[in-house]
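*Asks:* In case you want the letters, here they are:
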Amino acid sequence: MILPRRDLLKMLGVGAGAVGLGGCRQAWSVPDRLVELALRGPGLESQVQTICGLCAGGCGLTVRLVDGLPVGIRGNPHHPLNRGGLCPVGLAGLEVLYAPGRLQGPLRRQAGGEHGATTWEEALDEIATRLTALTAAGQGDRVAFLSGEPSELFHDLARRFLHGLGSANLSRLDDAGLAHELTQGIARAPGYDLGGADLVVSFGLDLYEDGPTPIHATAAMIGSRPTEQLGALIQVGTRVSPSASKAEIFALVRPGTLGAFALGIAHTLVREGGYDRAFVAEHTFGFDDWTDEDGRERLGFRRLLLERYYPDRVAALCGCDPALIVRVARRLAAAAAPVAVAGGDAVRGTNATWTQMAVQALNALTGAFDRPGGVVMPPPIPLTPLAALPAPPAPSLFAAAGDETAFGVDPVEALAAGVLDGTRPVELLIVLDTNPVFSSPAGDRLREALARIPTVVALASFMDETAAAAELVLPTPTFLERWQGATTPRGVAFSTLGLAPPVVEPLTDARHPGDVLLELGRRLGGEAAAALPWSDYPAYLKQRIEGLALSGQGSVVTGSFEESWIQFLEERGWRFLGRKEIESFWRTLTQESSWWNPVRSRGDWGRLFATASGRYEFFSRRLEARLVELGAAGEGGASAAEALARGSARLGLEAEGDEACMPHHEPEAARGEGELTLLPFRPITARGSLGVTSPMVLEMFGYTAFSPWQTWAELAAETAHELDLGDGDEVRVESDRGHFAAVVRIHPAAAAGTVHVPLGLGHEAPGSLAAGIGANPVGIMLAARDPLSGRLSRTATRVRLALVKRRSRGGPPPRHGGSEA
Amino acid sequence: MTAPPRSVRAAAAAALALAALGALGATGAAAQAGSGLELPPDPLGGRVLFAAKGCAQCHGIAGRGRSIGPNLGEGHFSGSFLELGASLWNHVPGMSVTFDVAGLPWPELEEGEMTELLAFLYFIEYLGRPGVAAAGQEVFADQGCAFCHEIGAGEGIGPDLAGLERFASPLYVAQEIWNHGPRMLASMRELGMRAPSFAEGDLADLAAYVRQQAEGGAQERLLLAPGDPNRGHEVFAAKGCSKCHGRDARGGEDAPDLSQVDLHRSAEGIAATMWNHGLVMGDFMRERGVGWPIFEDSELADLIAYLFFLPFADLPGDPARGAEVFASRSCADCHAAGELAAGGAAEKGPRLAGSTAAASPAALMAAMWNHAPMMKTAILGEALPWPELAGADLRDLRAFLGRQAAAAAPPP
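These protein sequence lines map, in sequence, to chains A and B. Here the working numbering is used: the first residue of the first sequence is 1, the next is one more, and so on. Here the working numbering is used: the first residue of the second sequence is 1, the next is one more, and so on.
No wet-lab data here; the hints were simulated from the structure. A hint or two may mislead.
Partial list, derived from the structure: chain A residues whose beta carbon lies under 7 Å from chain B [claimed, not checked]: (1) R523; (2) G552; (3) W565; (4) E571; (5) G573; (6) R575.
Every residue gets a Cβ at the ideal spot worked out from N, C-alpha and C, and that includes glycine.
Please take these sequences and the hints and turn them into a complete structure.
*Replies:* Take a look at the structure:
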């Protein structure tokens with residue numbers, strides 16, 4: 001197809017630094033050479049497959065090019081994750097590529113504190129010199145790396161880079177899977193077969209907008225099924241989200257009580273016999289009362305449920321009707337292939353681990369493990385293993401649990417605390433594609449710590465708040481300009497590998513972070529260079545892919561026909577012929593951009609339940625052991641029971657004894673003074689960290705809440721009435737830490753006593769198109785931790801609302817039928 | 001002991017082999033050697049063409065996929081290369097209607113693609129069916145396996161079969177049984193037990209049962225790539241099969257032509273047949289100094305893939321009958337077969353004298369297939385019946401065209 005040149009120019013925005021409607025900021029910036037190409041080129045159209053790198057979802061994309069210039073993005077209909085679907089941020093990917101606010105080249109902080117241009121040579125030399133000095137002084141463990149890159153492939157490379165220096169300080173800022181470790185003994189969260197489930201009960205997870213893979217969830221439950229086979233959704237939460245509005249049942253509960261609601265359902269299932277007795281008998285531990293190795297009688301989950309989580313009590317906790325709990329439980333018991341999932345508020349609170357354990361307990365009671373439409377382990381990706389390197393001498397500063405938590409720490413808080421109190425000094429910090437100064441409740445502390453770290457290197461595409469605090473800012477290519485190697489997103493039931501070459505050469509003086517690490521390794525020489533023997537990042541990827549090519553497992557994504565073939569073969573014990581060489585496989589894979597393996601090994605209980613008992617543990621022996629360890633510290637001669645009680649008390653738990661080791665309701669530890677609980681939520685327009693660099697996404701932000709270009713505060717009508725506030729009123733949201741401005745929106749169904757505020761706005765750094773627009777609710781959050789995982793809560797802060805200005809006459813009318821006070 | 005005369009031994013061996021192999025009827029196929037067929041090393045590679053050329057728009061495979069056209073791979077689509085080619089040719093009118101309605105272009109196929117596609121369709125039968133654990137339990141009991149073997153309960157007279165649990169493919173299990181054969185048969189003889197004999201599907205069921213019974217579930221699941229028939233040819237020689245059956249399995253003095261045996265069955269079915277065959281052939285092999293072959297890695301799969309493809313090659317055709325086909329199927333209306341045009345034929349289609357269109361079966365099929373749209377316009381446009389062909393017709397036609405081409409070639 002030949003496009004008229006005029007149309008092409010329209011698509012490009014005509015000219016460098018083009019488009020800019022009167023008074024608006026420049027929206028697109030296309031380099032002159034590309035504009036020239038668009039003006040004079042033959043207008044030849046082509047299409048390439050690639051992977052969206054704007055969040056961890058890993059959706060497949062088809063990019064349309066004219067004369068090699070990307071002019072359009074759509075979802076790849078064959079890709080097993082998104083089946084052609086795409087979120088607004090992905091659709092706006094070109095605006096990220098052509099964003100005028102991109103970093104054009106390396107920057108270095110100058111004497112006056114401002115950043116000025118430098119060169120890659122100078123920057124890499126400077127970093128290499130400092131790393132060499134640190135390793136020579138035996139202080140390699142003073143190097144740390146905060147990575148927002150979700151790929152296991154990149155993670156492996158970064159880990160080798162650090163190990164070569166003698167450091168284990170690598171942290172990925174994704175959610176911990178501690179609940180799965182405690183109940184299933186697995187470090188990685190399992191997959192949820194949403195495509196095979198006939199009922200999904202979602203606790204807090206805004207399934208179609210938030211979570212690791214909302215477009216996959218949409219495709220699996222709606223997009224890829226005939227109308228009569230759509231998956232049903234029951235939503236339990238504190239706010240009617242867009243996903244909840246599509247649910248068959250929506251259960252509105254108080255914040256912090258999602259786990260309690262799950263336990264109320266579990267109670268009903270057990271009491272009414274609506275659970276999978278065979279599964280519970282064969283594959284679980286701790287359901288009935290049991291006797292331990294010392295002959296002590298221990299509490300079983302069944303008795304805990306029946307005695308403590310009857311619907312009336314749970315309803316009182318949750319602020320809902322007891323009949324609703326029974327109704328949901330019966331619906332769950334009647335479903336053929338139900339599955340329960342947790343996310344959003346359920347994984348952000350101080351009781352997040354127990355809440356997730358309670359939700360997962362429902363999956364155990366319904367026998368959802370290892371069943372189609374249930375909880376499964378995606379098959380491993382047979383990547384070429386890498387030779388092991390000696391373990392660094394000091395443990396990771398991100399791994400050690402402190403005195404206040406049982407198993408882990410919040411990585412941002414741990415980094416900041418270690419630097420500020422001098423217990424874990426960091427001399428050189430690399431931050432890649434993540435913005436914790438903006439997104440973490442410990443952001444202020446981190447900013448303070450960054451000022452004390454001699455060398456902070458930010459690898460980023462835009463100048464964000466964290467990069468602004470860095471000494472060196474090195475531009476990375478956007479996803480369309482870089483080699484991508486994306487591994488299975490969290491929570492997906494099958495394995496995927498996205499591997500795609502750049503669609504276009506970088507439009508700026510940017511380098512792939514993998515190539516930056518490899519180049520640093522070469523400059524350092526010695527063990528650091530030996531740990532990274534690859535000439536460039538594609539060479540590294542190619543070696544890792546060799547194992548996959550030779551395995552013959554799974555298939556390159558070419559369409560639905562291939563999908564049925566993988567299953568056809570593996571049911572019969574066959575696989576595709578492994579390649580003798582990887583060239584043809586590499587060629588096909590990089591052309592199609594994705595590989596996947598949907599075939600799981602049934603009955604592979606060892607991978608699902610790697611606990612000491614080899615079963616799903618309602619009663620977590622690992623948690624018990626840790627609580628006993630905490631309780632016994634410095635208390636010689638204490639009995640195991642006493643140590644368990646002391647351990648629980650030491651973490652500040654309300655539950656005592658055996659109950660602490662099982663899913664239970666642990667009240668949210670609220671912080672600060674105020675009549676409302678601040679609950680942030682993430683609209684789909686705030687996915688990833690680059691959405692707010694797109695004018696289209698920014699335009700859509702708040703569109704559905706009738707609050708474009710500003711932060712709004714959602715209140716239940718009764719709460720607004722009590723506070724004498726009306727829809728459209730301007731308020732100040734205040735916590736004991738700070739405040740921000742917002743506009744009140746009366747929400748049709750939000751929990752009383754809560755204020756929901758969207759994440760994503762409130763940037764200060766100049767790289768964001770949204771700089772100076774709206775507010776960042778994270779900035780006023782108070783520190784409160786999950787005592788098990790150590791992660792900072794996002795749902796524990798109490799706030800107050802102060803009226804700033806009544807809605808003016810010309811302001812927006814009340815929405816959703818909300819009333820004005 | 002005096003050896004019987006060679007002719008008697010040969011006859012006995014042939015009879016034994018044919019009986020043991022379950023010769024359900026000769027296919028009339030020849031060995032691949034000299035047939036002009038180049039088999040693809042990955043017979044599954046044709047699935048990509050199956051999708052890319054639009055076949056999957058109408059046809060499913062083994063009960064999966066679309067059902068506009070007949071579902072393939074359930075015994076509905078079998079035969080030698082040219083027999084499959086004939087089926088392909090005969091479905092041109094029906095297929096073209098669907099393609100026309102959908103507005104799809106005619107999917108042209110090159111010579112190599114034709115082989116790859118038909119080899120793939122032929123190969124589906126090889127892949128067999130999933131094992132059924134309950135049926136495997138019966139096999140385990142009926143064949144006396146339980147007398148010597150435990151599954152996950154330790155060693156008995158024979159080894160604990162839990163060691164087989166990681167093998168997801170029945171051929172792995174078959175290979176283990178085969179390699180274990182001499183020792184097992186000797187033990188069974190001592191115990192006065194009947195040697196096990198397997199039917200089609202038994203090994204798949206047995207493998208499924210062993211996997212299910214093994215305690216704890218497999219941590220590792222070994223899948224097997226379907227065999228490479230070309231490599232299987234090498235295995236056939238290396239393991240001594242060719243000593244009796246001839247280099248290309250066409251039969252030797254003491255053993256039958258394996259291409260005459262119906263081997264178009266599942267891989268585990270052929271493995272079962274081999275095992276049953278080994279029971280009666282063991283002594284004879286010893287006499288010939290052929291040791292019991294031991295298979296490693298994918299050798300058994302490769303060998304079975306080779307055997308499976310033996311009936312795929314076509315016998316040479318009869319040129320005289322081919323001339324009749326040429327005339328009776330209206331080819332001569334458009335094409336001149338020899339130097340002289342017949343009627344106005346040369347004006348409609350290219351002269352076939354000196355053409356390489358019939359240099360190989362795949363070349364013939366590709367040439368015919370790619371000119372089908374023109375044929376369709378010419379024939380169906382005049383409401384004439386489509387010139388359907390049988391596999392034998394194509395063999396004879398190719399022989400005829402080959403003779404014409406040779407006659408037209410300049411003298412050396």
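*Asks:* Which of the listed hints are broken here?
*Replies:* 1
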